Amino acid sequence: MKGIDLALLRRLWPFVRPHRRHLVRGLLLLLLGSACRLTLPYLVKLAIDRHLTPGELVGIGWLAAAFVALGAIEMAARRRQMFEVDSAGQNALLDLRRRLFRHLQRLPASYYDRTPTGRVIGRLTTDVEALNELFSSGVVTVLGDLVFLASALAILLALDWRLTLATLLVVPPLGAVTMFVRGRVRRAYHAMRAELSAMNAFLHEQVGGMAVNQMFRREERVAADYDRISSGVRDAQLRTVRWESILSAAVEMLGSFTVALIVWFGGGHALAGGGAGDALTLGTLFAFIEYMQRFFAPLNDLSMKWAVLQNATTASRRIFALLDVDEALPEPAAPPPLPPARGEIVFDRVSFAYRGEPVLRELSFRVAPGERVALVGATGAGKTTVLKLLTRLYDPDEGRILLDGRDLREYPLRELRRRVALVAQDVFLFEGTILDNIRLGAPEIDDERARAAADRLHLDEFVARFPRGYQEPVRERGKNLSAGEKQLVSFARVLAAAPPVLALDEATSNVDSHTEHRLQEAVHELMAGRTSLAVAHRLSTVRDVDRILVLHRGRLVEEGSHAGLMARRGLYERLVRLQGMGEEA
Amino acid sequence: MRELLLLGPAFRRYRWRYLAGALCIVGAVLLRLLVPRYLGDAIDLLRQAASLGPGVAAEPEALRPLLVRAVLWILGVAAAGGVVRTTSRLLVLGTSRRGIHDLRRRVFAHLLRLPPSFYAARPTGDVMSRVVNDVQFVQSLLGPVFLYLAENAALYVVCLSFMLGIDPVLTGLGLLPFPFALWRARRIAAEVQRLSRASQEGLAEISARVDESLSGQMVVKGLALEDFDYARFERRCREYRDLNLRLTRTRARMQALMIGLAALGPLVVLLAGGPRVVAGGISLGDFVAMLLYLQFLAGPTAVLGFVLSSLQRGRAALGRLGELLATEPALADPPAPAPLPPGGGALAVRGLTIELENERGEPRRVLDGVSFELPAGRSLGVVGATGAGKSVLLRALARQLEIPPGTVFLDGADLTSLRLADARGAIGYVPQEAFLFSASLAENVALGRPEAGEEEIAAAVAAAGLAKDLPQFPEGLATLVGERGLNVSGGQRQRVALARVLLLRPRLLLLDDPFSAVDAETTEEILAALAPLMRGRTTVLVAHRVATVRRCDEILVLDRGRVVERGSHAELLAAGGRYARLEARQRARAELAAGLEEGGEDEER
Ligand SMILES: Nc1ncnc2c1ncn2[C@@H]1O[C@H](COP(=O)(O)OP(=O)(O)O)[C@@H](O)[C@H]1O
Ligand SMILES: Nc1ncnc2c1ncn2[C@@H]1O[C@H](COP(=O)(O)OP(=O)(O)O)[C@@H](O)[C@H]1O
Ligand SMILES: [Mg+2]
Ligand SMILES: [Mg+2]
Chain A
9 MKGIDLALLR RLWPFVRPHR RHLVRGLLLL LLGSACRLTL PYLVKLAIDR HLTPGELVGI
69 GWLAAAFVAL GAIEMAARRR QMFEVDSAGQ NALLDLRRRL FRHLQRLPAS YYDRTPTGRV
129 IGRLTTDVEA LNELFSSGVV TVLGDLVFLA SALAILLALD WRLTLATLLV VPPLGAVTMF
189 VRGRVRRAYH AMRAELSAMN AFLHEQVGGM AVNQMFRREE RVAADYDRIS SGVRDAQLRT
249 VRWESILSAA VEMLGSFTVA LIVWFGGGHA LAGGGAGDAL TLGTLFAFIE YMQRFFAPLN
309 DLSMKWAVLQ NATTASRRIF ALLDVDEALP EPAAPPPLPP ARGEIVFDRV SFAYRGEPVL
369 RELSFRVAPG ERVALVGATG AGKTTVLKLL TRLYDPDEGR ILLDGRDLRE YPLRELRRRV
429 ALVAQDVFLF EGTILDNIRL GAPEIDDERA RAAADRLHLD EFVARFPRGY QEPVRERGKN
489 LSAGEKQLVS FARVLAAAPP VLALDEATSN VDSHTEHRLQ EAVHELMAGR TSLAVAHRLS
549 TVRDVDRILV LHRGRLVEEG SHAGLMARRG LYERLVRLQG MGEEA
Chain B
61 MRELLLLGPA FRRYRWRYLA GALCIVGAVL LRLLVPRYLG DAIDLLRQAA SLGPGVAAEP
121 EALRPLLVRA VLWILGVAAA GGVVRTTSRL LVLGTSRRGI HDLRRRVFAH LLRLPPSFYA
181 ARPTGDVMSR VVNDVQFVQS LLGPVFLYLA ENAALYVVCL SFMLGIDPVL TGLGLLPFPF
241 ALWRARRIAA EVQRLSRASQ EGLAEISARV DESLSGQMVV KGLALEDFDY ARFERRCREY
301 RDLNLRLTRT RARMQALMIG LAALGPLVVL LAGGPRVVAG GISLGDFVAM LLYLQFLAGP
361 TAVLGFVLSS LQRGRAALGR LGELLATEPA LADPPAPAPL PPGGGALAVR GLTIELENER
421 GEPRRVLDGV SFELPAGRSL GVVGATGAGK SVLLRALARQ LEIPPGTVFL DGADLTSLRL
481 ADARGAIGYV PQEAFLFSAS LAENVALGRP EAGEEEIAAA VAAAGLAKDL PQFPEGLATL
541 VGERGLNVSG GQRQRVALAR VLLLRPRLLL LDDPFSAVDA ETTEEILAAL APLMRGRTTV
601 LVAHRVATVR RCDEILVLDR GRVVERGSHA ELLAAGGRYA RLEARQRARA ELAAGLEEGG
661 EDEER
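These protein sequences, in sequence, are chains A and B. My numbering applies: residue 9 is where the first sequence begins, and numbers increase by one. My numbering applies: residue 61 is where the second sequence begins, and numbers increase by one.
Please keep in mind that the hints were generated in silico from the structure rather than gathered at the bench. Hints are supplied without guarantee of correctness; some may be wrong.
As the list claims (entries may be wrong) - Restraint-style ranges between C-beta atoms, simulated for each label pair:
#1 Met187(A) <-> Val143(B): 13 to 23 Å
#2 Ser275(B) <-> Met187(A): 41 to 51 Å
#3 Ala342(A) <-> Leu540(B): 48 to 58 Å
#4 Gly185(B) <-> Asp434(A): 50 to 60 Å
#5 Ala258(B) <-> Arg170(A): 22 to 32 Å
#6 His198(A) <-> Pro465(B): 49 to 59 Å
#7 Tyr197(A) <-> Gln372(B): 37 to 47 Å
#8 His198(A) <-> Gln260(B): 17 to 27 Å
#9 Ser548(A) <-> Gly379(B): 51 to 61 Å
#10 Arg380(B) <-> Tyr197(A): 45 to 55 Å
#11 Tyr197(A) <-> Leu540(B): 47 to 57 Å
#12 Arg641(B) <-> Ala571(A): 46 to 56 Å
Stated by the list, open to error - Reference listing, derived: stretches of chain A covered by chain B, where coverage requires no fewer than 3 residues with Cβ under 8 Å from a Cβ of chain B:
#13 75–86
#14 123–134
#15 252–263
As the structure is a prediction and not an experimental result, all values here were calculated from the model. Where is the CB? At the ideal position from N, CA and C, for every residue including glycine.
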């Protein structure tokens, strides 16, 4: 059982179980098809023995009709069977993907801080596809194969047991040879694919750095490197060609040798019996050859299925390792009745570190319901981190954060995020229309409401330039919108959702003065009437708020109104001087 | 079929192998078809024995040697067939791999000649698709497709001649379903290939969705958009499942077709031929051989559908590759290159105007009549707003961009009259975006001079201000960096690119904002370290920080492609123009940063 872990594969069963009906149907159809497949040669045998040899034509029409019928049934059964098994597989894997994605959504931000995205994506794509092979290559219906093999063997024995045993004695060594060659083919392919992907990686890099290559006059050297790598690929390919050629010849020779054997044993036998009744008839000989060939086909497949099983084991190990990551932020099992949403925020001696390095140190402040507060500080002071803690993307290491008098950890995450809306610094647009991006699938926000929110921020001004207006599709990551327009869309989202608390991380990107003006108005509109904690980069924003908190290295160093802080001529005053400079050159 | 001309060299070079391969294919087919022949003989023999009836014991024994002969023939023919068949595959498939290696080299050599503007105009993925996918399609054209076509042609010719020899009418009847099957197979194959591609794209789509969700998780989590995000992912997955099920259904149709074809031919023969066997029109052995021939033809006929589809794809790929190879590099050596005159890198730019096409394909004047003289050994600073044309100017000087003749002179020689390699050898250019290869740090520095010694490399690294960062690299200069290595910061990247150029000691240094991602303090250190190196060298230094260009002998202020101010630092400050305003703003910012202690500085993440 090298490389195959049945306990691991058994964990897949819950995903297949709901679709087991397809599987059972597939199996039954497989058996039906096999039965037909096993009967057909027998009909030919009957035709030869009963009709052709003695020259008796009466009744051959029935045989022909049966032949046609069985052929048709086999065809239909096989078509349906492939489809049923694949239905089971595709549906099971769809469920698995759903489950994986839901799991990914539950994993906390800290998990992704230390896990490369590419690896996670690989679980949902490459690894799930490896499991798909279990179905498409017929591993799950291997039972059907075994039944087929047993039946074919029984028929062979019934036809002529001596001939069967004789053939089976001689054929296995030949079978072993093809098995061996098959293994080599697989290994050669494996090596070839590795060379190929190395070559592609090389190409990718050289094409990306082409200007550098040319500037440093490395053309010849790079060409020589490529030559070497490409030769490696060629040689690996030649190895696969070699083994594959041998394999195809071996398979064919195996067939011919079997025929020769049967003729030899069977024919000799028939001669000895002088064509007597119990001896081998011509029809039997023909049928025998056919059955033998049918007997070997699934045998050949078995080694391939073994490899599929090994791959599937590796893939499921990775998939379940991911599913077993149990790091979700704890949520209250039975949430206590929550206070009505008023929008009061309290940070109570909150300390936090991402990885060892403290980012917030004993931070305490309170934001009254409806109050608008700006967070100001240099890059890296910890402003964004405050918002991340407020929306519970992370939990504080020490201290606590209260929303309406209740610790954040007592809120179900969904409820918390309904009360506190985060506008992140980097606007993120989903694929879909502009309106979709405002509604974001919230059932309570209909098109009317989304449009009303957009109108309040004057989105219609820029939306008008699209032929389809609000129904214009947003291209990949919002390529067809400018930075300012994207921000406006992200503001409209929040306005439509109308949360009691706003956590706003203002973007720093440069926009033209017209857009700048519109953004200022939008921020004002956004903060109106709701508790707001805004990381501010605009002078207009800090002028607009009730109170300003100045953060320095994770500590609160100054606090007050704009005028008051300016008068103090401290850190804040210097920061504003910087902001007030306007854009460079 | 003109596309196929591209394969000319491959076929010519390997024509003997291909010819031998084709002969082997014919031989293998003949040998394979002999097996039914001898089987038929053996069967007739047995039938003869049977017809003699029981009790004639002596006669069958007389037949035994004949049987032995038949068996030996089968064995011998099978063995020979195996050998010839293997040889044919080795020859044809092997040669296709060799031929494709040649083609790959040819394409890559061409890519190396294409100028930066070619790569700027298309994503790396497109270029990769040419070199990887299209070449793959062509490979199947040279190998498997050729093999199948040759094999099938031979199979058909030989089978048909055997079958016609047995009974023309029966042959005709038996082959009746074939044209229809071929037509169906062709359609199904095209559909299978279409769906496979769609399925691949579907998987890529799923991967893109997951990628999007993970990179947007701040928003997804922060706005509790899990369900929304999930619904979008789920829809893709469902579409993907449906696509795959359709693919399976289509594949099943192909299988059914194969089975049907394999059963239908024999059935027809059975029905039509049965009576003739009984009537003695054809021998039973011939009859059985006929059945087997039909089966031989059934499989390949269905596969032919796929082969024809691949043929079409291969031709399209060849067309695209042909186009690529026909692209003439816009930036090439002059027909009669002038020798590079000796000198210290004196630069003269006279009325340099450059138009580039914007995204909509409209030409835009990016540099407009830029002129300046830079005597050997002097330094020139260039400042200006984003998009002013600083980078374009440097790319033009670095021979990365096509320029009109008679506009740029290096040590008195028109830059366009020099061989590209000569010009690039004399010029050291550090682009704004530094590119690192997946190689060791040392190899990345020694890019232009792989033979450089360790000490030289260390000196260049030190001069570029990278030495103090070395402790961060686990294996020092031997640390693997780049896409598949350690992730290095933007500032470190820039300094590697700088070290690379310093190692070459070119006469003209072109530095495009090499300190944009390096903090002010480190920039100062590097500039101080660079001073002795720059002293004997002509230098053009682009910067966004005034402090960086302050010490240059002359400074140009670019605005929308035009030189709007020029002079030394002191002169420009005194003039009180754009440069002076920029300087005042930046000074205020620097003071502020100093006031906020170390922690208050702009940090590059
Ligand atoms: N996901 C993270 N993992 C590790 N460190 C982080 C992460 N996010 C931010 N930091 C670090 O935390 C500090 C504060 O970051 P942040 O809150 O984003 O600052 P601000 O928003 O005030 O610029 C910075 O030093 C930053 O490098
Ligand atoms: N390859 C290109 N094709 C078309 N336009 C370009 C290209 N490269 C730069 N531009 C345009 O030329 C102008 C000057 O760009 P650049 O020299 O990069 O400015 P900077 O002074 O910031 O370095 C910009 O408007 C830019 O959009
Ligand atoms: Mg921030
Ligand atoms: Mg630039």
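So, against the hints stated earlier in the document, which numbers end up violated here? Violated hints (numbers, rising): 4, 5, 7, 10, 11 and 12; every other hint is consistent with the structure.
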